[in-house]
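Enquirer: Residue-level listing of the chains:
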Amino acid sequence: MKTTLASVAALLIASPALAQTPTLNVYTYDSFTSEWGPGPAIEEAFEAECGCDLVFTGAGDGAALLARLQLEGASTDADVVLGLDTNLTAAARDTGLFAPHGVTADLSLPVDYEDDTFLPFDWGYLAFVADKDTPPALSFIELANSDLSIVIQDPRSSTPGLGLLMWVEAVFGDEAGDVWADLADNIVTVTPGWTEAYNLFLEGEADAVLSYTTSPAYHLIGEDDDTKTAWAFEEGNYLQVEVAAKLAQTDVPELADQFMAFITTDAFQSVIPTTNWMYPATDIDLPDGFETLTVPGSGILLSAQDAADRRDAALDTWRSALSR
Amino acid sequence: MIPAGLAAALILALTLAPLAAVGSRAEAGAGLGAGDWAAIRFTVWQAVVSAVVSVGLAVPVARALARRRFRGRGALVMLLGAPFLLPVIVAVLGLLAVFGRGGLLNAGIVALGGAPVSIYGAGGVILAHVFFNLPLAVRILLQGWLDIPAERFRLAAQLDAPIWSLLERPMLARVVPGAALVIFLICLTSFAVALTLGGGPRATTVELAIYQAIRFDFDLGRAALLALVQVALCVVAAVLAFRLTVIEPVGSGLDRTVARWDKSPWDWLWLAAVSLFLIAPLAMVVWRGIPGLADLPSSVWAASGRSIAVALGATVLSLALSFALALRGGIWMQGIGVLPLASSALVMGTGLFVMVYPFVNPTRLALAVTLAVNAVLALPFGLRVLAPAVRDVREGYGRLAASLGLTGWAGVRIVMLPRLRRPLGFAAGLTFALSMGDLGVIALFATDAQETLPLAMYRLMGAYRMEAAAGAALLLLALSLGGFWICDRGGRIDADL
Chain A
1 MKTTLASVAA LLIASPALAQ TPTLNVYTYD SFTSEWGPGP AIEEAFEAEC
51 GCDLVFTGAG DGAALLARLQ LEGASTDADV VLGLDTNLTA AARDTGLFAP
101 HGVTADLSLP VDYEDDTFLP FDWGYLAFVA DKDTPPALSF IELANSDLSI
151 VIQDPRSSTP GLGLLMWVEA VFGDEAGDVW ADLADNIVTV TPGWTEAYNL
201 FLEGEADAVL SYTTSPAYHL IGEDDDTKTA WAFEEGNYLQ VEVAAKLAQT
251 DVPELADQFM AFITTDAFQS VIPTTNWMYP ATDIDLPDGF ETLTVPGSGI
301 LLSAQDAADR RDAALDTWRS ALSR
Chain B
325 MIPAGLAAAL ILALTLAPLA AVGSRAEAGA GLGAGDWAAI RFTVWQAVVS
375 AVVSVGLAVP VARALARRRF RGRGALVMLL GAPFLLPVIV AVLGLLAVFG
425 RGGLLNAGIV ALGGAPVSIY GAGGVILAHV FFNLPLAVRI LLQGWLDIPA
475 ERFRLAAQLD APIWSLLERP MLARVVPGAA LVIFLICLTS FAVALTLGGG
525 PRATTVELAI YQAIRFDFDL GRAALLALVQ VALCVVAAVL AFRLTVIEPV
575 GSGLDRTVAR WDKSPWDWLW LAAVSLFLIA PLAMVVWRGI PGLADLPSSV
625 WAASGRSIAV ALGATVLSLA LSFALALRGG IWMQGIGVLP LASSALVMGT
675 GLFVMVYPFV NPTRLALAVT LAVNAVLALP FGLRVLAPAV RDVREGYGRL
725 AASLGLTGWA GVRIVMLPRL RRPLGFAAGL TFALSMGDLG VIALFATDAQ
775 ETLPLAMYRL MGAYRMEAAA GAALLLLALS LGGFWICDRG GRIDADL
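Order-wise, the sequence lines are chains A and B.
Throughout the first sequence, residue numbering follows my numbering, covering 1 to 324 in sequence.
Throughout the second sequence, residue numbering follows my numbering, covering 325 to 821 in sequence.
None of these hints come from the bench; they were simulated from the model.
Don't take every hint at face value.
[Claimed, not checked] To list a few chain B residues with every Cβ distance to chain A over 12 angstroms, as calculated:
(1) Ala-362
(2) Ala-435
(3) Pro-501
(4) Arg-813
[As the list claims (entries may be wrong)] These stretches of chain A come out as covered by chain B in the derived footprint (C-beta under 8 angstroms, 3 or more residues):
(5) 64-74
(6) 203-212
Cβ atoms here follow ideal geometry from the backbone N, Cα and C, with glycine treated the same way.
Could you put together the complete structure from these sequences and hints?
Expert: Below is the structure:
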């Protein structure tokens with residue numbers, strides 16, 4: 001009885017302290033916070049050192065995430081947002097919702113990247129993923145001239161789709177329209193998102209699908225299936241860089257800073273490769289299997305401002321070339 | 325009992341108010357561009373063709389089902405509901421397994437030495453929309469056939485009168501415009517089907533333009549404008565349909581089953597063709613889902629429980645609303661009753677978010693909002709089933725009931741409800757199944773703790789776990805159909821109608 005009373009008392013005393021545990025709200029995309037995503041492991045690791053409660057809120061995909069923050073405006077509960085991609089950071093900066101992160105770290109990105117507000121937490125090369133026994137195309141031109149069939153995502157509704165648009169735009173500039181017109185007969189269909197496209201590819205509807213060079217790693221490590229590969233293009237492969245940022249209005253600024261710094265530590269980065277299936281943003285050891293992945297000769301990335309400025313014209317070009 | 329006025333107000337609050345809320349956040353006033361007009365043209369065109377083809381094919385199929393009695397007829401009628409209830413991506417994958425590049429159809433053609441055919445393009449969009457909506461059209465028309473009293477058929481048989489021109493054509497003139505309207509409106513807001521199977525940006529719909537405006541441009545003014553275009557199209561179509569509808573009382577009978585003598589061998593052909601067309605893709609969904617059932621994560625079971633709870637709540641609410649509207653009747657109630665079909669799910673979700681956010685954390689309301697939205701989105705279907713049934717009961721028994729003083733609740737309880745059991749059961753089943761499958765609105769609100777089954781399935785796919793996702797899809801199909809079966813059956817027990 002005494003022990004019961006004591007433990008009840010302990011509980012009663014402990015609970016006010018518990019209520020005062022600060023909470024860090026992190027908005028991210030759905031697949032980050034799901035049980036097989038990086039979320040759970042990262043939450044555990046960070047809570048072990050912060051004495052806080054880390055709460056992930058999933059909000060659709062990267063584009064939905066920004067739309068959600070814009071809807072909520074300055075009164076948002078979010079302290080940190082995790083999962084915007086660099087094609088969206090110009091629009092994100094324009095909202096004025098974000099504050100500089102103040103983190104200095106050696107990043108392992110294959111291109112120069114400097115931004116005082118948006119901190120990369122992982123990255124990947126966009127690439128066409130195919131079966132190993134499909135004869136590969138080694139450039140956009142070769143692909144356009146071949147009979148290979150591909151599935152791509154719509155740049156108006158999908159972040160990899162937007163990445164492909166920027167890829168062609170960065171490589172071909174004024175000739176992008178001609179390249180799209182040449183690619184038109186290779187494109188089986190354009191899907192609203194990555195999920196539909198990747199499913200179509202797995203069902204055998206196309207020879208290749210726009211995804212990441214790291215996609216074959218899932219099949220290899222997750223399913224013990226080494227039949228998938230990704231194509232490196234001679235023009236170089238476009239990068240998708242996923243970034244995190246601190247909200248200027250956060251009510252726990254120290255905690256938010258601590259989390260931003262935590263992002264570039266090994267504890268965070270080591271979780272990324274086999275849960276988010278992307279490359280870590282810092283130079284850590286990669287898990288077995290990653291050494292088998294295709295590494296493109298060069299990585300391409302338009303600056304956030306460039307990407308934003310050229311998007312509308314590039315979209316018009318894309319739409320009219322594929323509607324012909 | 326909910327008063328009709330309250331029901332109408334609730335529907336408007338969940339359809340037009342979110343639109344206004346989105347519009348109120350508009351900043352720059354960008355009008356519609358050339359691309360938008362192209363999208364509007366394509367949207368209307370594919371919706372018209374899909375509606376005409378679906379209803380056109382449904383006439384012989386429904387007639388065959390009305391004329392024939394055979395083993396498995398009940399099961400077939402129930403399976404007819406299934407395509408309509410599937411999440412879009414699952415149905416599309418099922419269709420591709422049959423009609424796609426590596427599908428059964430092309431395997432057959434190639435084996436016979438032919439050249440493979442491609443599903444992608446306008447034809448694929450129509451094919452998928454017919455797959456989704458033909459069953460619905462068949463169910464609506466079949467109900468029309470069943471509503472013709474057996475006594476009329478007997479009389480026609482005695483007089484050797486032509487039943488097609490005397491009974492069936494007038495019935496179709498009454499039912500077809502409404503069925504076509506519903507399907508037109510469903511296809512009007514199509515997004516993933518049109519884009520995935522459309523083959524490219526030519527197949528852009530208004531809903532995609534809305535998606536882009538909200539997600540990528542955060543141009544809420546444009547999104548509201550485009551959503552308004554959808555509502556305007558809905559109003560025009562609804563007015564047209566009501567004008568075309570010929571209301572001619574069919575009279576009432578003693579609720580006996582009719583044994584038809586005018587059977588045609590074509591009936592079997594129609595039934596076989598439609599069964600094959602609808603069941604082959606479903607069979608592929610089942611076939612692919614079985615291996616995945618074993619490694620479903622536990623979260624999927626929790627999500628299933630949540631989905632069932634939401635669907636049950638939505639069913640009760642939706643039935644109460646549509647029954648209230650059906651009892652009131654009249655063109656305004658019917659108009660309000662189809663409005664939800666023209667609503668963009670994304671605008672609805674975003675608008676509700678804008679409305680709720682200043683007051684309470686939207687994640688707390690995720691399931692409540694989903695329940696309310698599902699109830700309203702499913703209402704047009706329930707109403708379409710209930711409204712004609714209520715009208716017929718009124719026409720047949722209204723005067724007798726009035727002379728006996730059976731008005732108000734007593735009239736509903738003694739005259740209406742016993743006669744409405746079957747349509748009520750069917751409407752409940754439909755609403756339940758539709759509410760199981762919806763994920764258009766919840767995505768903006770839900771975190772893991774509010775995850776529903778369709779959302780869980782989609783998240784599995786996003787994490788490359790296609791096999792588990794296929795298992796979840798099968799589970800969803802089974803639960804939707806199971807719920808549908810229980811409700812539909814419940815409406816028919818003890819009723820040999």
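Enquirer: Taking the hints in turn, state whether each one holds.
Expert: Right, here's what the structure says about each hint:
The beta carbon of B:Ala-362 is not kept farther than 12 angstroms from every beta carbon of chain A, the shortest such distance being approximately 8 angstroms. For B:Ala-435, the non-interface assignment is confirmed: its Cβ lies about 16 angstroms from the closest Cβ of chain A, beyond the 12 angstroms cut-off. Separation of B:Pro-501 from chain A is adequate, the least Cβ-Cβ distance of about 32 angstroms exceeding the 12 angstroms criterion. With a least CB separation of 34 angstroms from chain A, B:Arg-813 remains clear of the 12 angstroms interface cut-off, as annotated.
As drawn, the stretch 64-74 of chain A meets chain B at 7 residues by the rule of a beta-carbon pair under 8 angstroms; at three or more, the given contact holds. Evaluation of the coverage hint for the stretch 203-212 of chain A: fulfilled, as 4 residues show C-beta separations to chain B shorter than 8 angstroms, against a requirement of three.
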